[in-house]
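Below, each chain spelled out in residue letters.
Protein chains: 2
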Amino acid sequence: MIGTEIEHLIKLLSRLPGLGPRSSRRAVLHLLKNRESLMQPLAQALGKAAEIIEECPQCHNMDTVSPCSICANPRRDASLLCIVEDISDLWAIEKTGSFRGYYHVLGGTLSALDGIGPEDLSIPHLLQRARDPGVKEVIVALNATIDGQTTAHYLSDCLKFCGVAITQLAHGVPIGGQIDYMDDGTLFTAIKFRTAV
Amino acid sequence: MIGTEIEHLIKLLSRLPGLGPRSSRRAVLHLLKNRESLMQPLAQALGKAAEIIEECPQCHNMDTVSPCSICANPRRDASLLCIVEDISDLWAIEKTGSFRGYYHVLGGTLSALDGIGPEDLSIPHLLQRARDPGVKEVIVALNATIDGQTTAHYLSDCLKFCGVAITQLAHGVPIGGQIDYMDDGTLFTAIKFRTAV
Numbered sequence: 001m002i003g004t005e006i007e008h009l010i011k012l013l014s015r016l017p018g019l020g021p022r023s024s025r026r027a028v029l030h031l032l033k034n035r036e037s038l039m040q041p042l043a044q045a046l047g048k049a050a051e052i053i054e055e056c057p058q059c060h061n062m063d064t065v066s067p068c069s070i071c072a073n074p075r076r077d078a079s080l081l082c083i084v085e086d087i088s089d090l091w092a093i094e095k096t097g098s099f100r101g102y103y104h105v106l107g108g109t110l111s112a113l114d115g116i117g118p119e120d121l122s123i124p125h126l127l128q129r130a131r132d133p134g135v136k137e138v139i140v141a142l143n144a145t146i147d148g149q150t151t152a153h154y155l156s157d158c159l160k161f162c163g164v165a166i167t168q169l170a171h172g173v174p175i176g177g178q179i180d181y182m183d184d185g186t187l188f189t190a191i192k193f194r195t196a197v
Numbered sequence: 001m002i003g004t005e006i007e008h009l010i011k012l013l014s015r016l017p018g019l020g021p022r023s024s025r026r027a028v029l030h031l032l033k034n035r036e037s038l039m040q041p042l043a044q045a046l047g048k049a050a051e052i053i054e055e056c057p058q059c060h061n062m063d064t065v066s067p068c069s070i071c072a073n074p075r076r077d078a079s080l081l082c083i084v085e086d087i088s089d090l091w092a093i094e095k096t097g098s099f100r101g102y103y104h105v106l107g108g109t110l111s112a113l114d115g116i117g118p119e120d121l122s123i124p125h126l127l128q129r130a131r132d133p134g135v136k137e138v139i140v141a142l143n144a145t146i147d148g149q150t151t152a153h154y155l156s157d158c159l160k161f162c163g164v165a166i167t168q169l170a171h172g173v174p175i176g177g178q179i180d181y182m183d184d185g186t187l188f189t190a191i192k193f194r195t196a197v
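Line by line, the protein sequences give chains W and L. Each residue of the first sequence is one higher than the last, beginning at 1 in my numbering. Each residue of the second sequence is one higher than the last, beginning at 1 in my numbering.
If we strip away everything but chain W, and leave its shape as in the complex, we get:
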């Protein structure tokens, strides 16, 4: 008989992606053993973040300030707009430090099966932003999945009339990748779009 408070905590934690019932139990035990150094700070950080973090009305990123710290940064390149599916993609690109423009988070991909149309994503808002005369290039950085590429095609069609250059991420063999482990699609693309040395 585990205490109901502990059971409740295990149940809540097991709803996080990547944590099942067994790993939540382990996590709760670890928390209980590190009450002052981890459990209380985590409780406070969660409570504070839940209170103050909000969606950026411009790019749909989440941040403690609104507009978010990326949109509020005047030193970024306003001629570049990068479209991503999810905030996690924005974080991943931002971590590389290679992109200095602004973002637009769609919040998902189009899906006829799940009944997700352009209005359910932030596509109308995107088209409005892309029509800004300052924007010169829109990078469609969607996942190389079927849903992602379908959405990318749809976006390219819409963006044609906004008077911007439309680009996409390069596809090919990932850095560190071994050729004999690559799938046919990746290898086909890598050969087709080979570059001069």
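Check the hints yourself; a few may be wrong.
Same chains, same label: a pair holds when it works inside one copy or across any pair of copies.
Unchecked claim - DSS-like mimics (lysine-lysine), calculated; alpha carbons at most 27 Å apart, straight line:
| no. | residue 1 | residue 2 |
| --- | --- | --- |
| 1 | Lys11 | Lys95 |
| 2 | Lys192 | Lys160 |
| 3 | Lys95 | Lys136 |
| 4 | Lys11 | Lys160 |
| 5 | Lys160 | Lys136 |
Because the hints were derived from the structure by calculation, they are not lab data.
Dock chain L against chain W, hints included.
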């Protein structure tokens, strides 16, 4: 540039066992998207648990009440005492519903290498409990690892003088286990301690 509050939250979460930096980022995003249904309840549950949960002075389990709800239950069998390494083992045995006695959590195993001696675990307290005339049998339910079995040997030697029967968990092929996947040690034990059908 991710907000510092979010970075802080990711860092705290990544200190949980089973969560690395990437999975903590995913978990934080999931939390941010489910702020009212998951993030706030989790913050409250963590804060509350950190405040009210304490170690049971009798068995060293953790619970919201002290002594814990197992030790406080008078309908359990006081003649049986089950020794486990960690609270997670207690939870695992309790979940089977097959044990109705009381527990004693050691809090680890003896380790000459790490300088962990009997006084660092709750072994003196265990011997004191085992000398209670009501206790008839002590089940040594330690892990079947080298450290666990070394500790079990040491405990058996100490418990000899407490006038109790000393038992251990049965070893053999686990339920659902396939013989040709078993290691030699398990099979050897399973054949040696074969039982009548």
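For each hint, the structure was consulted:
1. Lys11 x Lys95: between (32 Å within a copy, 15 Å between copies)
2. Lys192 x Lys160: within (25 Å within a copy, 77 Å between copies)
3. Lys95 x Lys136: For Lys95 and Lys136, the Cα distance is within 27 Å only inside one copy (23 Å; across copies 62 Å).
4. Lys11 x Lys160: neither (48 Å within a copy, 42 Å between copies)
5. Lys160 x Lys136: Result: close within a single copy only, 12 Å intra versus 83 Å inter.
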